[in-house]
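Number of protein chains: 2
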Amino acid sequence: MIVDGRAITSEILARVRGKKTLTVRAVSVSPSPATESYLAIKASRAEDAGMELEVLQLLDSATTEEVIAAVREPGADAIIVQLPLPDGIDTQAVLDSIPLEKDADVLSRAAYARFENGEDGALLPPVVGAVREILERGGIEVPGKRAVVIGQGRLVGAPVALWLKQQGASVSVLTRESGDLAELKDADIIVSGAGVAGLIQPNHVRQGVALIDAGTSESSGAIVGDADPACAEVAALFTPVPGGVGPVAVACLFANAARLNHNPSEAL
Amino acid sequence: MIVDGRAITSEILARVRGKKTLTVRAVSVSPSPATESYLAIKASRAEDAGMELEVLQLLDSATTEEVIAAVREPGADAIIVQLPLPDGIDTQAVLDSIPLEKDADVLSRAAYARFENGEDGALLPPVVGAVREILERGGIEVPGKRAVVIGQGRLVGAPVALWLKQQGASVSVLTRESGDLAELKDADIIVSGAGVAGLIQPNHVRQGVALIDAGTSESSGAIVGDADPACAEVAALFTPVPGGVGPVAVACLFANAARLNHNPSEAL
Numbered sequence: 001m002i003v004d005g006r007a008i009t010s011e012i013l014a015r016v017r018g019k020k021t022l023t024v025r026a027v028s029v030s031p032s033p034a035t036e037s038y039l040a041i042k043a044s045r046a047e048d049a050g051m052e053l054e055v056l057q058l059l060d061s062a063t064t065e066e067v068i069a070a071v072r073e074p075g076a077d078a079i080i081v082q083l084p085l086p087d088g089i090d091t092q093a094v095l096d097s098i099p100l101e102k103d104a105d106v107l108s109r110a111a112y113a114r115f116e117n118g119e120d121g122a123l124l125p126p127v128v129g130a131v132r133e134i135l136e137r138g139g140i141e142v143p144g145k146r147a148v149v150i151g152q153g154r155l156v157g158a159p160v161a162l163w164l165k166q167q168g169a170s171v172s173v174l175t176r177e178s179g180d181l182a183e184l185k186d187a188d189i190i191v192s193g194a195g196v197a198g199l200i201q202p203n204h205v206r207q208g209v210a211l212i213d214a215g216t217s218e219s220s221g222a223i224v225g226d227a228d229p230a231c232a233e234v235a236a237l238f239t240p241v242p243g244g245v246g247p248v249a250v251a252c253l254f255a256n257a258a259r260l261n262h263n264p265s266e267a268l
Numbered sequence: 001m002i003v004d005g006r007a008i009t010s011e012i013l014a015r016v017r018g019k020k021t022l023t024v025r026a027v028s029v030s031p032s033p034a035t036e037s038y039l040a041i042k043a044s045r046a047e048d049a050g051m052e053l054e055v056l057q058l059l060d061s062a063t064t065e066e067v068i069a070a071v072r073e074p075g076a077d078a079i080i081v082q083l084p085l086p087d088g089i090d091t092q093a094v095l096d097s098i099p100l101e102k103d104a105d106v107l108s109r110a111a112y113a114r115f116e117n118g119e120d121g122a123l124l125p126p127v128v129g130a131v132r133e134i135l136e137r138g139g140i141e142v143p144g145k146r147a148v149v150i151g152q153g154r155l156v157g158a159p160v161a162l163w164l165k166q167q168g169a170s171v172s173v174l175t176r177e178s179g180d181l182a183e184l185k186d187a188d189i190i191v192s193g194a195g196v197a198g199l200i201q202p203n204h205v206r207q208g209v210a211l212i213d214a215g216t217s218e219s220s221g222a223i224v225g226d227a228d229p230a231c232a233e234v235a236a237l238f239t240p241v242p243g244g245v246g247p248v249a250v251a252c253l254f255a256n257a258a259r260l261n262h263n264p265s266e267a268l
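Here the protein sequences come in this chain order: A and B.
Residues 1 to 268 in the working numbering are what the first sequence lists, from first letter to last.
Residues 1 to 268 in the working numbering are what the second sequence lists, from first letter to last.
Keep in mind the hints are simulated off the structure, nothing from the lab.
No experiment lies behind these values; they were computed from the predicted model shown.
Treat the hints with caution; some may be incorrect.
Copies of the same chain look alike in the list, so a pair counts if it fits in one copy or across any two.
DMTMM-like cross-link-like pairs, simulated, lysine to aspartate or glutamate; straight-line CA separation at most 20 Å [stated by the list, open to error]:
hint	residue 1	residue 2
1	K185	E52
2	K19	E101
3	K145	D188
4	K145	D90
5	K42	D4
6	K165	E36
7	K145	D180
8	K165	E66
9	K165	E233
10	K165	E52
11	K42	E52
12	K185	E141
13	K42	E11
14	K185	D96
15	K185	E11
16	K19	E52
17	K19	E54
18	K145	E177
19	K19	E47
20	K145	E52
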């Protein structure tokens, strides 16, 4: 028998799986029951996305340098930092230590600047991705619309307001210090990230509004949003809490992790 | 419309591909037409295996330190060094700089020791993998057989002789300095890695031998093996050159790269 090495080669190579499971590292400091529960949910969603979530839990006594070392340790394909960090930690320095090519949450200044400047291939912060996904699926076009964003936090208000402007909406931002809830009445699109239970009542908004509730707070032991659930009867599109923006943002986070690790030429 | 965030989440996550294409880095110093051609073949086989071959070509003037830096640079999932390296380079130091978890060629002392000691989960050097694959497919059992290995090089003779002993064969090694071609006549299994064209003639071997020719040399511009092709008429199993052990060893190399990058719990 003359061995056909080329045929054997083709058979071996066809059963080799040249793919690797993506590992997303979550760095968490001083875990609380709430962050433990968020991380458990993320681990489960990572699995749904075919990825592995590797959690590095640091003690409350960790220094900024130790947190940065945990972020920078090689081996992960994407890195997320569970916020908030304890008071003694320099949060911005930690976020800026996430390498651009691993920053699935778009929280380092470098990654955020790419989003801000609308650079080609820049990732959207996960909550922005969720808002886009929800509006698109609801058939709601953004250009020319009047939008009101409540809050200007790093995770919701600031990036969502920026994105809505980029898309051609006229955007008002309401905060505790400035703005008037009466502005809600004129809005076509409302995105709320205040974290104040019952802040938005049905009489605050107009019939047919798209009301995206990205605020969460605790009320009598339950997680609730900024909008009274009765707003669903007035709104044309309404996202409940829980079960609305939150899980979609987590999905967008893992979709970002995948994008960071595929060839730009590959379709997503 | 009340948005069902969980349903959107499931849809997004189902289309996320949480897998990454494996990148194998080949470090090559002072390319010659021969090494360029080997690397082109490896690139093509990598593609067949769903991987990417990233070639780092260093100039002839590269120092040992520069070659080691190219090996150690982060980013690759497996690393191979194209041998031989130029005379000025400390080959063993370069091979030992390949991290154990990326050494698909099993050429660092650490990876080779795991193979030597028969450790659980240790990889086989690619030529050994090819010899095993070819014998298994040919239905040839090794325990108790008389084997002769020609040559004791790092890539063929030494690891193949070791493996045949591990499998329970009685093994003689022939080199230029010691041993007698007459020993071939008693062998059940011959593995040749001499690189001497026409070294083995049909009258040297017994009817029914398994003759695995892993030697290559150039003869009148063609790549030929150690065995005269007429040996195929005497042997029960014969591997031609080209098209025998060579391509199977390359396949085993990429199969090793895949194994290094999958969870031990995953079936291969």
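Against which earlier hints does the structure fall short, listed by number upward? Numbers 1, 4, 6, 8, 9, 10, 14, 15, 18, 20 - these are the hints that the structure violates, sorted from lowest upward.
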